[in-house]
Each structure stands twice: as C-alpha cells, then as structure tokens.
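With chain A fixed as given, assemble chain B onto it according to the hints.
The residues making up each chain are set out below.
2 protein chains.
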Amino acid sequence: MGDQGTRAVPTGTEGIADSLLDAVERCGAPVCVGLDPVEDRLPGSGKPVERMRAFSFGVLDAVAEHVPCVKIQSACYERHGVAGCGVMDETIGAARDRGLVVILDGKRGDIGLSATHYAAAAFTGDHPADWLTINPYPGEDGVLPFLAGGNGAFAIVRTSNPGGDEVQSALLADGGTVSHAVARMVARIGDAFLGASGFSALGAVVGATCRSDAAELREIMPRQVFLVPGWGAQGGGADGILPCFLPGGTGAVVTASRSVIYPDGTGSWQENIQEAARQFADHVGTLTGHR
Amino acid sequence: MGDQGTRAVPTGTEGIADSLLDAVERCGAPVCVGLDPVEDRLPGSGKPVERMRAFSFGVLDAVAEHVPCVKIQSACYERHGVAGCGVMDETIGAARDRGLVVILDGKRGDIGLSATHYAAAAFTGDHPADWLTINPYPGEDGVLPFLAGGNGAFAIVRTSNPGGDEVQSALLADGGTVSHAVARMVARIGDAFLGASGFSALGAVVGATCRSDAAELREIMPRQVFLVPGWGAQGGGADGILPCFLPGGTGAVVTASRSVIYPDGTGSWQENIQEAARQFADHVGTLTGHR
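So the sequence lines, in the order shown, correspond to chains A and B.
Using this note's numbering, count along the first sequence one by one with no gaps and you end on 292.
Using this note's numbering, count along the second sequence one by one with no gaps and you end on 292.
Bound conformation, chain A alone (with noise of 0.2 Å):
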C-alpha cells in the first residue's frame, strides 16, 4: 500500500481484476473499508461538508495500511450537494495517491448514452475511481458503457436487505431464481472481460446475509470478483461470505462499513478506525487462509 502517489491499477482493458486481487494478495486481505460518512457521526465542529472532508481524508490514513481498497458511498456526499461532490471527488483522488483501489458505489443504471455518461463521471476527470457499483436490470446496453474504458464495474446481483427477497428471490419457470437470471447475463457480458487472473472486469455484488444464495451465485459466476456488503453492522459473518469465496479464497472482497469507520475504542477516532481496519482485515483475512 503506502503512499508511493500512483495509480494502483494499470490501464489495461482487462487487468482491473488482476490487479484488484494483486492489491488484494499484496495485503494479504480480501477486504474493502467502505467510507459512508453521516453527518451525526462526524467527529469536530464547523461545516458538515468539512468535517466530511475531514473525517474521510482521516479514513484513508487510518486504513490506508491494513487494507487494499475502499469503496465510496456517493449518496453520502451527494446529499450535501455540490460541495460535498466536490469533497468526494477529492476523496478519490486522496485514495488512489495512498495506493488504494477505489470503487465508487453509486449503483449507477441506465442504457446507451446516459450510461456512457456515467461511465464517463466516475471514471474520467482528475479524479477517476476504478470501479463503479452499477444496477444491471436495464440489461446488457445498462452493462457495455461501463466496460468501455478498461474499468471495473460491480453489478448489483443480489443485495443483504429483507425486502431484496420479493424482486431478487422471485421463482423463474425455467429453474433457479431472478437473481439468478441476473448472474446468468452478468456472467455471460463479463467473459468477454478477463484478465490473466481468468477473472473479469464485470463482478459482482452479492450481500453477505444470504448464505445458500452465494454458493448458488459463485457456481453462475465462477469468474466474477464478489464484492461482499454486509460485514459487520449489517449482521453478516464468517458463514455468509465464505460461499462467497472461490476454493483457496479468491475471487471475493468482504467490505465493511460502520464497523470500521466508527468503532467503539479507548484511543482517538483515527486510532480506534486504525485498529478496527486492522483487526477486520486480520479476521478476513485468516478467515480465508491468507494468513
């Protein structure tokens, strides 16, 4: 990791994966500290933008050794409005110069043009992430844009939260279930995407709380990166995101949000985000023999 202030990704059109999981290895942790600063929550006094501004740059430093990428929640930021985008495109930025894999998670979901568009403001200007959540229900011309660039796109497959069931867990005539579907078409879109490392420039999010679904997922997706929510605060643990996993622990990054970034602790804010980054990549990290 460190701060060597250069891009931690190469430009080529598939090697987004590749190097997602060599960062990954580099730290020996599959792990991901999610940045979704609120307001309340904020450490300090004067302006909400600044002290966001302040508390996510503090974020990285603390983080920015014990784990290989963050995701950033846009809809934090956008809630303030210009300011606070500008304050997330200056998060990104500070990200990628301490080493980080930034995916920003925006669950961006459009067709044609305006998907292009999106692709084009996550992943063009002075601040570019390098992944970008995305919702793949418009279909295939919803998922394309976004891979133009040599990026990484993490599509929405199926989400930890109880009412994900009535679309996501809905029965298909011809077997399986919609989420399903989903993973049959992101599957199908992402092979034309690997990398050397046989795993693709499209992934995929599957939530950490639904256990007998990500086995069911990874058999669909053998070459989607998982990007695995729900760690933590949300209520999912060692049993749901080892399915996430591909034998040898590969393929999937566990993130965590409110866990880290406002922990419990007897030392300063920073300290005690510095220690739970670090035990939660321990803990991961062991859990999925990279330790």
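Bear in mind the hints are in silico, worked out from the structure with no lab data behind them.
Remember, it's a predicted structure, so these values are computed and weren't measured experimentally.
Treat the hints loosely; a few may be bogus.
[Unchecked claim] Just the calculated beta-carbon pair ranges, DEER-fashion:
(1) 271/B - 114/A: 19 to 29 Å
(2) 259/B - 213/A: 38 to 48 Å
(3) 269/B - 195/A: 47 to 57 Å
(4) 40/B - 51/A: 31 to 41 Å
(5) 249/B - 239/A: 42 to 52 Å
(6) 51/B - 94/A: 17 to 27 Å
(7) 290/B - 58/A: 52 to 62 Å
(8) 114/A - 29/B: 26 to 36 Å
[What the hints assert, rightly or not] Just some of the chain B residues that point at chain A, by a computed CB distance under 10 Å:
(9) 78
(10) 110
(11) 161
(12) 164
[Said to hold, decoys possible] Short derived list, chain B residues pointing at chain A, Cβ under 8 Å:
(13) 51
(14) 83
(15) 143
(16) 157
(17) 165
(18) 168
(19) 174
C-beta: ideal position from N, C-alpha, C; glycine also.
Okay, now just chain B, sitting in the frame of chain A:
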C-alpha cells in the same frame, strides 16, 4: 405555465401525483421534455459547462409554455464533474421558477440509509426536484425512503432498450415476467401513497416500445402514473404510448428528449425547440383526447 416562481407542487404527502396530473390538464398535454445536454450538440462556443448552462436555460424558456414538466438527465450533467452538478442544480431551480414540474432522471437505487441520502440529495437543498427516477431491484427498503418526504418517485419497471428483455422478460414460475413482479411490488408499495386523484406518489417508468407489455403493466399498476420514454428518437410512437394510458387519456406522461431538444428547423435553435415542443404537445395531447 407562466413564470410565477412558485412551487408547482404542494407539500402534502400524497399530493405530488395530483399536482403532476393537474399540471398536465392545465397544459392539455401529458408530455414531458427531457433535457439531455450532450457536448457535441450544444450551440455556441466556450467552456462545455457554460454552454450546457446556456442551453439548459434556453430549452426551459423555449418549452415552458408548451409542456407541464421536464425530465433532467442527471448523467449528462454529472459527466462534467462538480461544475456540471452545479449547472444541474441551477437548471432544476430554473425549471421550477418557470412553473414546470421537475423529474430528476437519476435512476438511483440503494437501500436504507444510502437511499435516504439519495432522496435528500434529490429532494432537499436550494433546488429540489419534484420526482426522481429510481431502480426498484433492491426491493421495498430501496423504494420507501424516496417517498418519505412527500415527493414522488418513478420506479424503472420496463425499459425500452434491446437488451431490456433479458432480465425483464424472463418468465416467472407463477406466471408473467420479471417486470410483472416488479410491477406488482410497485403497485403494492404505491397503494400507501395515493393522492385525491387516486394516483400514487410512486409511479412507473414503462418504455414506449413495449406495446404488449404496456397493456399488462397498466392492468397490474392502475394507480401508477406511467412515465413513458421512447417517443421520437428512440422509435416509440402512438402504438406504444396509448396502452400506457388509462381510459380517458389519463395516468401517463410521455417524455421526449432528442426529438425535441435537437430538432431540425429553419429558425434559431430556440425557435426550433419551441416549435418541436409545441408539435410534440399537440400531437400527444390530441392522441390522448386532451385537445
């Protein structure tokens, strides 16, 4: 419409659909103009964001007396970074100042707190939108936060792109398609947010090029206002839009972007847009019995 500078929509929890349909009736046309400013089609010279701002305001001035509402494509503004987001914010305000109902086409889709943040981003601040397009794939907990503040949401139920069938038309074990399952969820959730007109603050996006689907979706969702994209440039016409309406020509709003904002014509660009908006409103208004 006029330029009264007041909020087009009252602040009651369920009044948002009533207000939209009232605006349609006053105008005599269930139509919406989409603002999708794309750099290489902007008139004038200078910095892209400045031209985008001038174009956006120019379109609003040209269409305000002919249509009841506008749809602002977030992606087009976001791709110009923080400055673009600023122009979008100004454009929303300018549209409201001109008495137009504003649909922000952001297709946001997340759950819990993140959805709450996206709702705050769209519906609070100096220049709030009236409606936001959302992606309902995450389920009920990804929809309710957008309805909590008395605003409206159009859930993406059926898209009109070629790839839209792969997931949306997959057949379910208990009959119907995936888009029908989404529609049933939208209808159920929306029933708690009905206005005096009988229409819900939770509407549905249904593409104009899915004629057979539209009739079935209309049956499943009798209380949803349909936002119907695909008119004009995307190939949708009278055949596609009529099944989206209820008897009497109510309950839907047809939206056109490129065919109105980049029209052919012999006048100035603003005169051409004004004439295209007038013809669009007249055509759809007549087709649906409003004129």
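Quick check on a hinted range of 52 to 62 Å for residue 290/B and residue 58/A, using CB atoms only.
Holds - the Cβ-Cβ distance for residue 290/B and residue 58/A, about 59 Å, lies within 52 to 62 Å.
Within 17 to 27 Å or not, the Cβ separation of residue 51/B and residue 94/A?
Since residue 51/B and residue 94/A have Cβ atoms about 24 Å apart, the given range 17 to 27 Å holds.
With chain A as the partner, please determine if residue 165/B meets the hint condition of a C-beta pair closer than 8 Å.
holds (5 Å)
For the hint on residue 168/B, does the least C-beta distance to chain A fall short of 8 Å?
This hint holds: residue 168/B lies near chain A, its Cβ roughly 6 Å from the closest one there, short of 8 Å.
Status of the residue 51/B interface restraint (C-beta, 8 Å, chain A)
violated (16 Å)
Is the distance from the Cβ of residue 269/B to the Cβ of residue 195/A consistent with 47 to 57 Å?
holds (51 Å)
Beta-carbon spacing of residue 259/B to residue 213/A - inside the hinted bounds 38 to 48 Å or not
Taking Cβ atoms as reference, residue 259/B and residue 213/A lie about 45 Å apart, which means the hint holds.
A range of 19 to 29 Å was offered for this pair. Does it hold for the Cβ distance of residue 271/B and residue 114/A?
holds (23 Å)
Hint residue 174/B vs chain A: min CB-CB distance below 8 Å?
holds (4 Å)
Holds or violated: the hint that residue 83/B contacts chain A, with Cβ atoms closer than 8 Å.
Hint holds; residue 83/B Cβ to chain A Cβ min 5 Å, cut 8 Å.
Within 26 to 36 Å or not, the Cβ separation of residue 114/A and residue 29/B?
holds (31 Å)
For residue 40/B and residue 51/A, compare the CB-CB distance with the range 31 to 41 Å and indicate the outcome.
Holds - the Cβ-Cβ distance for residue 40/B and residue 51/A, about 32 Å, lies within 31 to 41 Å.
In summary, the structure is inconsistent with hints 5, 13 from the numbered list given earlier, while agreeing with the others.
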